[in-house]
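As they're listed, the protein sequences go chains V and H. Using the numbering used here, the final residue of the first sequence is 59, and nothing's skipped along the way. Using the numbering used here, the final residue of the second sequence is 1448, and nothing's skipped along the way.
Hints were generated in silico from the structure; no laboratory data involved. From the three backbone atoms N, C-alpha and C, an ideal C-beta is built for every residue, glycine too. Mixed in with the good hints there might be a few duds.
In silico DSS-like cross-links for lysine-lysine, where the CA-CA straight-line distance does not exceed 27 Å [to be verified]:
1) H/K1164 / V/K43
2) H/K1113 / V/K43
3) H/K1164 / V/K18
4) H/K1164 / V/K14
5) V/K24 / H/K1414
6) V/K24 / V/K14
7) H/K1113 / V/K13
8) H/K1066 / V/K14
9) H/K1023 / V/K13
10) H/K1028 / V/K13
11) H/K1028 / V/K43
12) V/K18 / H/K1028
13) H/K1164 / V/K24
Label pairs and their calculated CB-CB ranges [unchecked claim]:
14) V/N40 / H/E1216: 53 to 63 Å
15) V/L37 / H/D1074: 44 to 54 Å
16) H/K1028 / V/A44: 21 to 31 Å
Partial list, computed: chain H residues near chain V (C-beta under 10 Å) [claimed, not checked]:
17) P1012
18) R1013
19) I1014
20) R1072
21) D1126
Chain by chain, the residues run as shown.
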Amino acid sequence: MMKGEMKNDRLSKKDEEKLLAAYKILEEFSNSEIPVLRSNCRKAKNELWQALFDLDLML
Amino acid sequence: MKVELPHGYWNPRIELLPRSDLKELQLKRLRHTIRYAWENSPFYRNLMKRHGLFPKEIRTLDNFFKRFPITRRDDLDKDQLDNPPYGTRLAIPPESALRYHTTSGTTGKPPVKAFDSERDWIWGGDAWASSLYNFGVRTDDVVMIAFGYGSFIGFWGAHYGFEKIGCRVLPTGGMDTKKRIPMILELGVTTLCCTPSYAIRMLHVAKEEGVNLARESKVDKIVVAGEPGASIPSTRNVIESGFDAHLGDFMGTTETAGMMASTCSKLPGGLHINEDRYLTEVVDPDTLKPVGYGNRGMMVVTPLVKEAMPLIRYGTNDIVILDPNDTCSCGRVFDLFRGGILGRYDDMVKVRGVQLTPQMVEEIMRGFSEVDEFFSTVEERDGLDSLIIKFELRKDLEPSTGEDIVLQIKDQFKTEIGLTPEIEVAPRDSLPRFELKSRRFKDLRTPH
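Sequences and hints are given; from them, build the entire structure.
Written out as structure tokens, the structure reads:
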């Protein structure tokens, strides 16, 4: 890594657990019967899935 | 004076992995991809069955490279023709797909129909975002996307990638060049996103309008994709000097639905491959054996984890040279393609014993600042194969200068390629102009 470029690129175990818990919550509301909640949670869930996948926390 | 582009990592956790850990990650994602394709894509399940291959047998990358068959464009075409309209590769029900795209159709073949799920689309936008960030695009950039926003995938992913970074994006699909130029000046556009052909076209129009984009605009980055122009040194020079901006080459295909490799801010001639999303190989086009670092070969690519339409070991016909990751000083673990896409094996022609690609012609023609536009054909004349090049002189030059330029161009072809073309000066504005997927080269010989 080049010097001085990244200050904090690490996630703690606790951070990882919080992210996975957030995913579970979004997943739950992705099946809501309320359209506004269902569609926005589904999109947010898929966006978060991408971050978790990129970070190798999900597959 | 060009400012230095900012350096940084979109995803340092992965981009700075040791190479051995990256390989492990690729294998994990590959095994998931193969298992998923077996379970959901009849095209791949049948292909694997025909080759007596089962997902659990792929335990190493080497094992995969040796055993898994290469999929070709013809296989995809045949599958969609035999099973219209979408073919059997689709791994989700069509009604749950989010996007529909086609290939550009410029190869003369019917376009391949491609679907993306919502997750694929986010994945594609993220791949673009990561590449754009690595090139130096940041939140405060104002971006003009000069693209038609049609069913061809083109710059759709770029649009979402820029938004993901947080840029202000100007989608100028319905505008012509004369409207885009004042908008660049008025809104302080810093990043232009288009094909290399269109960037050159914009420079010509700006000149006609009396606008000096290098001096009057804030554009300091040009993001190009869709054609190999940014990898051709003379074309690169025309665009970079015309805008006084950094030129970034971004390569992807509709079939892979994402950004495979892109220019690094630390190495203008090298494109880091997004190896966490794509497993790439470079093989001899005839033997299909790996050619190793530093040698020309065909790119074979496997997008890792694609939901709607899996694609495994896709033989692209693109000519590339692989360089190890430490060729670049940025610290990223990803290997590079030297100079991007160098041509296509299916575009290569033989003229009087000389192997010729459209890129070789463009490299020489763009080196002549007197040339406004050009078009080349290979034809049989008097029983001999001939390369014919027509070009338009720049509008501010006297027509009488054409003869001297013709001699200079002939001389350069003879010296650099070993072939003397027939050159003709064409009337002004008579040759085709391109905004997307330019085709300035045609082989008109009768196939034997």
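Quick rundown of the hints versus the structure:
| no. | hint | in the structure |
| --- | --- | --- |
| 1 | H/K1164 / V/K43 | holds (14 Å) |
| 2 | H/K1113 / V/K43 | holds (24 Å) |
| 3 | H/K1164 / V/K18 | holds (22 Å) |
| 4 | H/K1164 / V/K14 | holds (26 Å) |
| 5 | V/K24 / H/K1414 | violated (66 Å) |
| 6 | V/K24 / V/K14 | holds (15 Å) |
| 7 | H/K1113 / V/K13 | violated (42 Å) |
| 8 | H/K1066 / V/K14 | violated (41 Å) |
| 9 | H/K1023 / V/K13 | holds (23 Å) |
| 10 | H/K1028 / V/K13 | holds (21 Å) |
| 11 | H/K1028 / V/K43 | holds (26 Å) |
| 12 | V/K18 / H/K1028 | holds (24 Å) |
| 13 | H/K1164 / V/K24 | holds (23 Å) |
| 14 | V/N40 / H/E1216: 53 to 63 Å | violated (43 Å) |
| 15 | V/L37 / H/D1074: 44 to 54 Å | holds (46 Å) |
| 16 | H/K1028 / V/A44: 21 to 31 Å | holds (25 Å) |
| 17 | P1012 | holds (4 Å) |
| 18 | R1013 | holds (6 Å) |
| 19 | I1014 | holds (7 Å) |
| 20 | R1072 | violated (28 Å) |
| 21 | D1126 | holds (5 Å) |
Checked against the numbered hints given earlier, this structure breaks hints 5, 7, 8, 14 and 20; the rest are met.
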